[in-house]
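**Student:** Construct all of the structure, not just a fragment, from the sequences and the given hints.
Taken in order, these protein sequences are the chains called A and B. Numbering-wise (the numbering used here), the first sequence opens with residue 103 and increments by one. Numbering-wise (the numbering used here), the second sequence opens with residue 103 and increments by one.
Rather than coming from a laboratory, the hints here were simulated on the basis of the structure. One thing to keep in mind: the hints can contain errors.
Copies of the same chain look alike in the list, so a pair counts if it works inside one copy or between any two.
Heads up, simulated SDA-like pairs for lysine to any residue below, C-alpha to C-alpha not over 20 Å straight-line [stated by the list, open to error]:
{"hint": "1", "residue 1": "Lys144", "residue 2": "Asp156"}
{"hint": "2", "residue 1": "Lys357", "residue 2": "Leu346"}
{"hint": "3", "residue 1": "Lys383", "residue 2": "Thr227"}
{"hint": "4", "residue 1": "Lys382", "residue 2": "Ser322"}
{"hint": "5", "residue 1": "Lys310", "residue 2": "Pro272"}
{"hint": "6", "residue 1": "Lys365", "residue 2": "Glu343"}
{"hint": "7", "residue 1": "Lys305", "residue 2": "Thr351"}
{"hint": "8", "residue 1": "Lys307", "residue 2": "Asp350"}
{"hint": "9", "residue 1": "Lys104", "residue 2": "Tyr126"}
{"hint": "10", "residue 1": "Lys357", "residue 2": "Asp369"}
{"hint": "11", "residue 1": "Lys135", "residue 2": "Ala173"}
{"hint": "12", "residue 1": "Lys383", "residue 2": "Ser321"}
These figures come from a predicted structure and were not determined experimentally.
Number of protein chains: 2
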Amino acid sequence: MKIGIIGLGLIGGSLGLCLKKRGYADIVYGVDKDPICEEAAKRLGLIDEAVTEDECVEKSDIIIIAIPAGAASSTLIRVLDLFKSRDWQDKIVIDTCSTKERIVLDAKYHPCRKQYVATHPMAGTEYSGPWAAEPNLFDGRACIFVDPGESSPKALKTIEDMYAVLNMRPIYMNADSHDLHLAYVSHISHVTSFALALTVLDKEKDEKHIFDLASGGFSSTVRLAKSNPDMWVPILSENRENVLKVIDTYIDKMKEFRDAIDKFDEDAIRDLITEANRIKKIIR
Amino acid sequence: MKIGIIGLGLIGGSLGLCLKKRGYADIVYGVDKDPICEEAAKRLGLIDEAVTEDECVEKSDIIIIAIPAGAASSTLIRVLDLFKSRDWQDKIVIDTCSTKERIVLDAKYHPCRKQYVATHPMAGTEYSGPWAAEPNLFDGRACIFVDPGESSPKALKTIEDMYAVLNMRPIYMNADSHDLHLAYVSHISHVTSFALALTVLDKEKDEKHIFDLASGGFSSTVRLAKSNPDMWVPILSENRENVLKVIDTYIDKMKEFRDAIDKFDEDAIRDLITEANRIKKIIR
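**Tutor:** Below you can see the structure in the form of C-alpha cells.
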C-alpha cells in the first residue's frame with residue numbers, strides 16, 4: 103500500500119514509522135509546511151520521500167491528514183476536490199483530528215465524501231514534532247471511527263484494517279458524541295494542567311525556589327501543560343461549547359472544595375475526597 | 103539503632119522496611135491503631151514486633167510518628183511528655199507530616215523540644231496502608247528539615263544521618279515557608295485532581311461510557327484523586343490559609359482560559375498555553 107502523510111508531527115510521523123515497520127506501507131510519502139520537519143522525518147525513517155501536497159495525493163492510495171484541527175478541514179476539502187477533478191475513485195483520505203464536529207460538517211456534502219474516513223487514533227504524548235514519533239505509540243489504544251456510515255463500506259474496511267495493523271481497538275461514534283466525550287476525558291485535563299502550571303509559575307516570581315520541592319505528584323498533574331499551542335488552540339476553539347460546559351462544572355467543583363476548606367468543614371472535605379476516590383474503579 | 107514507628111501506613115511502613123534493609127535499624131517496633139495494619143506490617147517484614155505506644159517509646163532510640171497531620175500533634179506531645187516524666191534525655195522523636203506550622207507550634211514550649219526533629223520526607227504514592235510500602239521509596243527524593251535550629255545539634259545530626267542512609271537530599275526551611283511551598287507544589291495538585299475526578303464522575307451519571315475513552319493524559323492528571331481522605335482532610339484543613347490563596351489564584355487562571363475560549367480569542371488562548379509551556383524548563 104502507498105501511504106501519503108500530510109503533517110509530519112508526532113501522530114503523522116509515528117503513523118509513517120509504524121506502518122512501514124509492520125509491513126503495511128510499501129512506501130510512505132510525506133509533506134510538511136516546515137522543510138526541517140520533512141528532512142528530519144526522512145532522516146528518522148518516518149517517511150521514504152518528501153513530496154508536494156499534490157504529489158502526495160497523486161502517488162498515494164491512502165492519504166492521512168495529520169495536521170492540527172482548524173487547518174485540517176481546508177486540507178481535507180482540497181484533497182477531496184482533487185479526487186473529484188482527477189476522478190480518483192479508489193483513493194481514500196483520513197484525518198486524525200481530536201475534534202470532529204467541524205471537519206465532518208465541512209466535508210458533509212462533498213461529492214467524494216464516501217472516500218473520507220474520519221478517525222481519531224487516541225494516542226499521543228505531551229511532546230510534538232517528528233522527533234517525538236514512537237514505534238509503538240498506538241498499540242492497545244482506542245481508535246475512534248466517527249460517523250462511519252458516511253464512508254463507503256470499502257473505504258471504512260480498508261482503514262479499519264490499517265488501524266488493526268497498528269494494534270488499535272476500534273470504537274464507533276457520531277461526531278457530537280465524540281466531541282462531548284473528548285471534552286471530558288482529554289480536553290479538560292489539558293486546561294487544568296495549563297492552569298496549574300500558570301498558578302505555580304506565577305508564584306515563582308516571588309519564590310525563586312518554589313520548584314525545588316516539586317514532587318512526582320506535581321509532575322504527573324502538570325505534565326500535559328507541556329503540550330503544544332499549535333495543536334491545542336484549535337481544539338479548545340473548535341470544541342468551544344463542550345469545553346466551556348466542562349470548565350464551568352469543574353470550577354464549581356473547585357469552589358465546593360474552597361468553601362469546605364474555608365468553613366473548616368472537615369466532613370464536607372472528606373465527602374468530596376471520598377466521592378473523588380471512586381475514580382479508582384476506573385483508573386488502575 | 104532501635105527504631106519505633108507509630109503509624110504503619112505507606113510512609114511509616116516504608117521507613118521500617120528501608121531502615122531494616124539498609125542495616126540502620128537493629129530492630130523495628132511498630133504500633134498502629136488498626137491491628138490488621140500491625141499484623142500486615144509484621145508479615146510484610148516492615149517491622150519486627152508490634153507493641154503498645156508506651157512500649158514503643160520505651161524500647162526505641164528514635165521514635166517516628168508517621169500518622170496523619172492533626173492526630174500527629176497530640177501524639178508528639180504525649181511522646182515528649184513521656185521523655186520528660188521518665189527523664190529520657192537521649193531519645194529522639196520525629197514526625198513526617200506534610201503540614202508543619204501547627205505541629206511545631208504545639209511543641210514549641212515543651213521542655214523536651216530539643217529532642218524533637220520536624221521532618222518531611224517528600225516521598226509517597228497515591229496508595230496507602232502498609233501494603234503500599236516500597237523498599238526504594240525515598241531514594242533521591244528531598245527531605246525537609248523544618249526549624250532545624252529548634253532541635254539539639256546532636257538530635258538533628260542523628261536524624262540527618264538516618265535520612266542519608268535512605269539516600270534523601272536534605273533541605274532546610276522554617277515552618278511557614280514549608281507550608282507555603284507545599285501548598286503550591288503538592289496540596290493544590292491534589293485538589294485539582296479531586297475536582298477533575300468529581301467533574302468526570304458527575305458526567306458519568308448521564309454518559310455511562312465516558313471512561314471508555316480515558317487516555318494516558320487523563321490518567322496522569324487524575325492520578326492523585328485516588329489519595330486517601332484520612333491523610334488529605336487534615337492537610338487541607340491545617341494548611342487552610344495557604345491552600346485557599348492558591349485555589350483562588352488557580353480559579354482565576356481557569357477563568358482566564360474560560361473567557362478566552364468564550365470570546366473565540368485564539369491569541370489569548372495561545373498566550374496562556376505558551377506561558378504554561380514554560381513549565382518545560384522545570385519538569386523534564
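**Student:** Next step is simple, just say for each hint if it's right about the structure.
**Tutor:** Quick rundown of the hints versus the structure:
For the homomeric pair lysine 144 and aspartate 156, the shortest alpha-carbon distance inside one copy (19 Å) is at most 20 Å, but the shortest distance between copies (70 Å) is not. Taking the shortest Cα distances, lysine 357 and leucine 346 sit within 20 Å of each other both inside one copy (16 Å) and across copies (10 Å). In the homo-oligomer, the alpha carbons of lysine 383 and threonine 227 lie at most 20 Å apart only across protomers (17 Å), although the nearest pairing inside one protomer, at 24 Å, exceeds that limit. In this homomeric assembly, lysine 382 and serine 322 come within 20 Å of each other (Cα to Cα) both inside a single copy, at 16 Å, and across copies, at 13 Å.
Within a single copy, lysine 310 and proline 272 get their C-alpha atoms only as close as 47 Å, which misses the 20 Å cut-off; across copies the closest is 18 Å, which meets it. In this assembly of identical chains, the alpha carbons of lysine 365 and glutamate 343 lie at most 20 Å apart only when taken from different copies (11 Å versus 33 Å within one copy). For a Cα distance limit of 20 Å, the shortest separation of lysine 305 from threonine 351 across copies, 10 Å, qualifies, whereas the shortest one inside one copy, 26 Å, does not. For the homomeric pair lysine 307 and aspartate 350, the shortest alpha-carbon distance between copies (17 Å) is at most 20 Å, but the shortest distance inside one copy (29 Å) is not.
Taking the closest pair of Cα atoms, lysine 104 and tyrosine 126 come within 20 Å of each other only inside a single copy of the chain (9 Å); across copies the shortest separation is 64 Å, beyond that limit. Taking the shortest alpha-carbon separations for lysine 357 and aspartate 369, only the intra-copy value of 16 Å comes in at or below 20 Å, while the best inter-copy value is 28 Å. For the identical chains of this complex, lysine 135 and alanine 173 are intra-copy neighbours only, at 12 Å inside a copy versus 61 Å across copies, given an alpha-carbon limit of 20 Å. In this assembly of identical chains, the alpha carbons of lysine 383 and serine 321 lie at most 20 Å apart only when taken from different copies (12 Å versus 23 Å within one copy).
Against the hints set out earlier in the document, no violation occurs for any number.
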